[in-house]
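Participant: Now for the letters of each chain:
There are 2 protein chains.
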Amino acid sequence: MDRQEFALDVAAASTLLAPQSIVVVGASERSRWATSMLGNLDRHGFGGEVHLVSRSGNPVGGRATATSCEALGQKADLGVVLVPADGVPDAIADLAHTGARSAVVLTSGFAETGAGGAALQQRLLDAAGEAGIRLLGPNSLGLMNFVDRVVAWATPIDAPSSSCGVGLVSQSGATAFFLAQMAAGQDLAMSSVVSVGNEADLDACTFAAALAADPDTRAIALFLESVRHPERFAAAAAAANAAGKPLVVLKVGTSEVAARSALAHTGALTGDDAVFTGVCERYGIVRVSSLEDLMATADLLARTGRLRPGGLCVVSNSGGICEVAADRADGLGIEVPPLPPAVADTLRAAMPGYGTPHNPLDLTGGIVPAEVERIVATLGAAREYAAVLVPFYGVPAGDPAEDLRLADLHRHLALALRDLPAGLLVSYTPTTLTPRGRETVASLGLPYLACGMDRALTALGHAFRWSRHPARDELASGQLWPIAPTSPDATIRERPRTEFALLELMGRHGVPVVPATLVTDEAGARAAAAGEGPVVLKVSSADIAHKTEIGGVALGVVGPDAAAEAFARVSAAGRAVAEIDGVLVAPMRERALELFVGVTRDPVWGPVIAVGLGGIWVEVLGDVAIRPLPVTPAVVQHMLASLQGAKLLAGARGLPAADFDAVAGAVVAIGDLALRFGDDLAELDVNPLWVHGDRVEALDALAVWR
Amino acid sequence: MDRQEFALDVAAASTLLAPQSIVVVGASERSRWATSMLGNLDRHGFGGEVHLVSRSGNPVGGRATATSCEALGQKADLGVVLVPADGVPDAIADLAHTGARSAVVLTSGFAETGAGGAALQQRLLDAAGEAGIRLLGPNSLGLMNFVDRVVAWATPIDAPSSSCGVGLVSQSGATAFFLAQMAAGQDLAMSSVVSVGNEADLDACTFAAALAADPDTRAIALFLESVRHPERFAAAAAAANAAGKPLVVLKVGTSEVAARSALAHTGALTGDDAVFTGVCERYGIVRVSSLEDLMATADLLARTGRLRPGGLCVVSNSGGICEVAADRADGLGIEVPPLPPAVADTLRAAMPGYGTPHNPLDLTGGIVPAEVERIVATLGAAREYAAVLVPFYGVPAGDPAEDLRLADLHRHLALALRDLPAGLLVSYTPTTLTPRGRETVASLGLPYLACGMDRALTALGHAFRWSRHPARDELASGQLWPIAPTSPDATIRERPRTEFALLELMGRHGVPVVPATLVTDEAGARAAAAGEGPVVLKVSSADIAHKTEIGGVALGVVGPDAAAEAFARVSAAGRAVAEIDGVLVAPMRERALELFVGVTRDPVWGPVIAVGLGGIWVEVLGDVAIRPLPVTPAVVQHMLASLQGAKLLAGARGLPAADFDAVAGAVVAIGDLALRFGDDLAELDVNPLWVHGDRVEALDALAVWR
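If you're matching them up, the sequences are chains A and B in order. My numbering puts the first residue of the first sequence at 32, with every later residue one more than the last. My numbering puts the first residue of the second sequence at 32, with every later residue one more than the last.
Careful: at least some of the hints might be erroneous.
Treat identical chains as interchangeable: a pair holds within one or across any two.
[Unchecked claim] The calculated EDC-like cross-link candidates involving lysine to aspartate or glutamate, where the alpha carbons are at most 20 Å apart (straight line), are:
| hint | residue 1 | residue 2 |
| --- | --- | --- |
| 1 | 678 | 574 |
| 2 | 106 | 612 |
| 3 | 678 | 262 |
| 4 | 106 | 358 |
| 5 | 106 | 505 |
| 6 | 106 | 552 |
| 7 | 678 | 650 |
| 8 | 678 | 654 |
Hints are computed from structural coordinates only; laboratory data are not their basis.
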């Protein structure tokens with residue numbers, strides 16, 4: 032896939048989502064899907080013509096039907112196809128008579144059912160290709176475009192109050208429906224919902240990129256079961272980043288491929304899920320783990336966009352709620368900075384008798400609405416805060432006459448919050464809006480989150496991290512983060528088989544390596560050990576991967592005599608199990624930080640690099656950061672900072688702090704070198720990468736070839 | 032506090048919660064609290080007499096009032112007091128004329144406002160003591176006893192459909208109200224809600240214990256801002272455990288006392304929060320971190336009780352939902368075992384064309400209700416599963432005529448689920464029940480969770496951990512887990528000031544210690560090093576805590592000559608900074624696991640013990656388990672198993688697996704010894720506790736005295 036091809040697909044997806052006229056092929060009175068589809072189109076106010084095609088020619092819902100598109104003799108932009116599976120290819124061919132450039136295929140029974148269905152899906156694709164028709168589906172539940180009032184969906188669904196907000200793309204149609212239902216209940220603003228089904232033609236990533244270009248879509252929510260086309264996923268992320276729009280992903284179904292060929296030490300760690308986490312980090316994608324967080328996070332980010340510098344301010348009418356918020360924010364790493372002195376003074380004057388104002392601020396239950404407005408406005412004006420979250424009573428649900436006070440409160444809150452860049456009212460716990468609640472929110476322009484404080488804080492945590500992504504500016508500029516080459520061209524033909532040859536080659540390609548000598552006799556060993564300081568001797572053989580286990584390593588060898596003795600010992604140990612090339616002699620480095628750097632090949636994402644502290648950090652804690660290759664120095668620094676053991680890199684336990692630039696340079700060089708070997712490379716491990724302040728050296732390396 | 036005193040308090044709390052007659056003191060037309068209180072009592076059907084006292088004598092809500100309780104001349108069990116703060120003590124004295132044994136004081140302005148309020152609170156307590164009246168409050172919002180229809184609460188609140196379920200006790204009245212509102216919206220069964228306010232007399236723990244004795248309370252939810260009386264907290268936990276009822280706690284406001292005197296290495300780690308976590312682990316208490324999880328977990332446990340052996344089975348009508356559930360369960364450590372072959376065969380026969388059945392089981396959207404019932408019943412009968420969770424459509428909210436199919440589905444689901452020990456239907460995401468939804472749930476006896484699948488799975492995770500607590504049986508029997516002695520009697524008078532003296536004393540009291548000799552000259556050092564193997568020399572001085580830093584330690588010393596030289600060196604280094612007693616000589620142990628064991632004094636919980644792997648595990652990861660003392664071997668084993676580095680104890684990196692019995696014995700002995708020093712002991716560190724298989728020895732120890 033090249034960029035131009037992707038751009039054409041994205042344009043086709045945009046066209047598909049915004050038809051001026053529709054033909055429903057396979058309509059019938061008995062089909063609940065067809066009647067729901069027609070009901071949705073009507074109820075949501077689709078303004079264009081809707082034609083019906085039914086083989087029987089019987090009317091549906093009182094409307095005339097044609098027996099085929101050919102017989103219909105009308106133009107249509109989009110075909111909605113519901114005919115039985117084996118009739119779908121012919122229906123697409125027939126659809127060409129309307130001039131339609133797009134079709135949504137709701138019918139199931141294609142590739143998801145096995146080989147026979149896959150063949151049928153190929154026939155469908157062929158028919159579509161011949162007709163010049165682009166496809167959503169098959170096995171889709173349809174699309175909801177609330178902006179243009181195109182709700183071509185198979186089950187009845189309510190509209191959101193506002194269509195300027197979240198665009199949702201889902202590989203599971205049922206899940207998309209449940210999410211849209213939840214969004215409707217919480218009156219969450221949504222622009223579009225797309226159920227991509229089997230993705231025979233246009234895929235989820237393509238629709239995500241199309242939504243990134245839609246002015247009414249402020250954030251994109253993506254529900255993924257698998258990534259079929261990683262390069263399209265990267266392209267969608269790039270499109271979202273270029274548009275400055277957050278892409279929030281819930282990916283399910285961690286695969287069980289952990290047992291595949293992987294890094295010697297991190298086999299269990301480079302499972303798809305850890306790699307996908309790295310991919311999301313790399314592309315500045317927000318990854319969430321629940322349906323609620325998917326929608327709450329996308330909704331919050333759709334409202335706030337990128338947060339300005341500063342921390343979070345929390346204001347509530349209950350001390351208990353303030354404490355829950357403070358604990359949760361702390362757990363999420365959200366800063367809740369104290370009130371600036373000037374603000375505290377202002378509040379003290381505004382809140383006589385309320386004691387010392389803090390952040391979170393407890394207004395207490397006795398506060399009157401006008402005071403709430405004044406205080407929230409004061410806090411919102413403080414440059415120290417990027418966002419103001421107000422957990423307070425939910426919007427009224429019942430009889431208006433009974434809660435005048437509550438209505439007054441929300442009016443004042445709306446006045447204080449609605450013009451702030453990130454001022455949000457949130458219910459204490461999840462609520463469902465009644466028609467009156469929706470009316471309150473709409474008429475006041477109240478920035479109201481019905482998801483409850485806990486989800487809102489989770490969403491804010493994501494919003495802060497997304498906004499503060501170390502490469503956010505570069506991501507937005509589109510300069511950084513090229514699409515990962517999943518099948519790089521091999522530009523290095525050498526295939527070193529021994530540690531010595533590999534270290535030597537790495538040194539030639541910009542990786543700092545320990546100066547090592549290959550010796551083949553005791554005299555050589557004596558000469559190599561003649562310098563100052565202790566040396567290490569390691570047997571060299573293409574057939575011995577684990578030298579220590581067979582006694583093939585001698586550490587801390589001092590002087591020529593000891594070197595000769597060690598040579599005899601390790602070479603004998605090596606020869607006992609395999610043919611050897613000789614013995615490697617290298618200076619023994621002092622105690623320092625030891626990193627593990629490994630490149631492996633993920634079946635989906637291609638070459639990926641893992642960086643971690645060695646030993647227990649990897650073996651017991653699985654503390655590694657993974658990214659698709661290539662990486663840049665900024666990416667590596669981000670990886671290092673994300674490690675649980677990052678504190679050690681800052682110079683713990685009597686060792687100098689690691690020079691992050693030097694480490695990043697070495698890791699980038701290792702990654703670049705791995706790519707240049709091309710597909711032949713199964714695995715490249717540097718273990719350890721020795722780090723002593725700004726001195727960085729690969730002390731040992733291993734390549735595995737396919 | 033002794034057990035009898037607590038039992039009397041619990042009885043008083045039970046009496047307070049179930050009055051037969053009430054007098055509201057301070058009623059007035061203008062008081063919203065008074066009118067809400069009267070409205071609640073009426074609406075929820077309180078069957079006893081309600082008298083009103085108002086200084087003015089004016090009627091309230093059309094009811095006559097007396098000017099005082101004395102003037103009233105009627106009996107009442109409970110007084111509800113709303114008069115202004117400075118009139119409360121007199122109002123309590125007046126209340127005695129009704130013969131009331133209990134009062135709820137809603138008035139605020141007591142200890143929560145500072146010293147003046149604290150004095151007034153003491154006057155209130157004195158008045159109550161004199162009148163023989165036990166108190167809830169002051170600064171309480173009241174109580175809701177849905178079982179006996181006593182809803183004496185200051186703001187309007189709806190009743191749950193069922194009063195056999197969760198009892199809630201809260202230190203924050205506002206939070207209790209928000210939680211009760213959420214529970215009403217989700218139609219969650221609740222027995223009682225108690226707002227304990229300032230806890231001047233009866234505290235939250237006492238009410239929790241009272242609810243443990245209430246047959247309609249199946250689980251207790253506790254919202255805590257602080258633990259005022261740790262021994263009462265332990266007593267409440269013991270009462271809940273003895274009744275076999277889960278106690279679920281949300282504690283907020285992690286205190287900032289981390290800087291207090293604490294363990295040398297774990298100062299930052301023994302903050303209240305980590306100690307509280309240890310307390311909860313110790314007493315088998317479920318600790319949650321959000322309002323939603325508090326209610327969802329208590330509700331789920333109220334329904335299921337202790338789960339039988341087995342894993343979780345998940346059944347839904349969407350593959351996407353099944354995958355979200357599987358990932359979440361995995362993240363929570365919930366086992367989702369595959370279908371037993373016989374069950375799989377049965378399902379294959381029942382679901383022709385649906386492919387291979389798995390757990391989670393995707394029934395697909397096309398399944399008919401009767402099939403759903405048959406399949407769920409089959410799964411529920413399988414002994415392999417402790418619980419069956421069915422994420423499916425929420426109960427219908429709209430027009431009954433429009434969703435006959437949905438109503439039929441829920442009827443079938445109820446038939447399959449309602450008699451299972453832990454069969455639960457859950458909405459995909461949080462929902463609010465409409466009156467029709469409540470009616471559906473009630474009439475079908477549908478075990479329905481409206482909290483959404485994500486919260487339900489979190490709750491199930493807690494339910495599995497609670498049910499499988501290693502000491503669950505002992506906790507239930509009340510045999511284990513005595514109440515922690517926060518001020519133990521000192522039974523050891525010695526106060527060893529040097530490492531040698533401390534090791535010697537520890538050895539006498541059952542702690543395995545390394546055999547060490549104190550020598551005062553080179554000849555002594557020679558003699559002590561004359562045996563086999565290398566020795567360690569350490570300067571001995573009451574004034575040198577960090578021996579290594581001043582050059583006061585020599586490691587791996589072999590033979591008498593080297594020992595003499597090392598003696599000279601370390602004793603000189605010691606003398607350069609302080610007076611010394613001599614030099615300690617001990618065998619140098621081989622490489623092995625090194626644990627850190629530390630006893631410190633928590634300002635709330637008294638003596639606590641921390642156990643962890645030493646070095647980076649404590650310093651970088653904060654990987655320690657903490658418990659209040661005393662501990663038993665079973666408790667220590669639970670602590671060891673909970674460490675992030677537990678894998679190392681099983682014998683990683685060429686070391687023999689730690690003998691958990693031997694380690695537990697040593698840790699228990701250290702904890703018991705620490706208690707016997709009494710309050711004088713500020714800190715006792717054993718670092719390292721050397722562990723080589725079943726050989727366990729304290730190699731170094733430090734005591735800090737107050």
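Participant: Give a verdict on every hint.
Facilitator: We went through each hint and held it up to the structure:
1. In this assembly of identical chains, residue 678 and residue 574 lie within 20 Å of each other by CA distance neither inside one copy nor across copies; the values are 38 Å within and 31 Å between.
2. Within a single copy, residue 106 and residue 612 get their C-alpha atoms no closer than 76 Å, and across copies no closer than 103 Å, so neither meets the 20 Å cut-off.
3. Taking identical chains as interchangeable, the C-alpha atoms of residue 678 and residue 262 are never at most 20 Å apart, the minima being 35 Å within one chain and 38 Å between chains.
4. In the homo-oligomer, the alpha carbons of residue 106 and residue 358 never lie at most 20 Å apart, since the shortest distance is 60 Å inside one protomer and 46 Å across protomers.
5. Taking the shortest Cα distances, residue 106 and residue 505 never come within 20 Å of each other, neither inside one copy (45 Å) nor across copies (77 Å).
6. In the homo-oligomer, the alpha carbons of residue 106 and residue 552 never lie at most 20 Å apart, since the shortest distance is 86 Å inside one protomer and 108 Å across protomers.
7. Taking identical chains as interchangeable, the C-alpha atoms of residue 678 and residue 650 lie at most 20 Å apart whether they share a chain (18 Å) or sit on different chains (9 Å).
8. When the C-alpha separation of residue 678 and residue 654 is checked against a cutoff of 20 Å, the pair qualifies both within a copy, at 13 Å, and between copies, at 14 Å.
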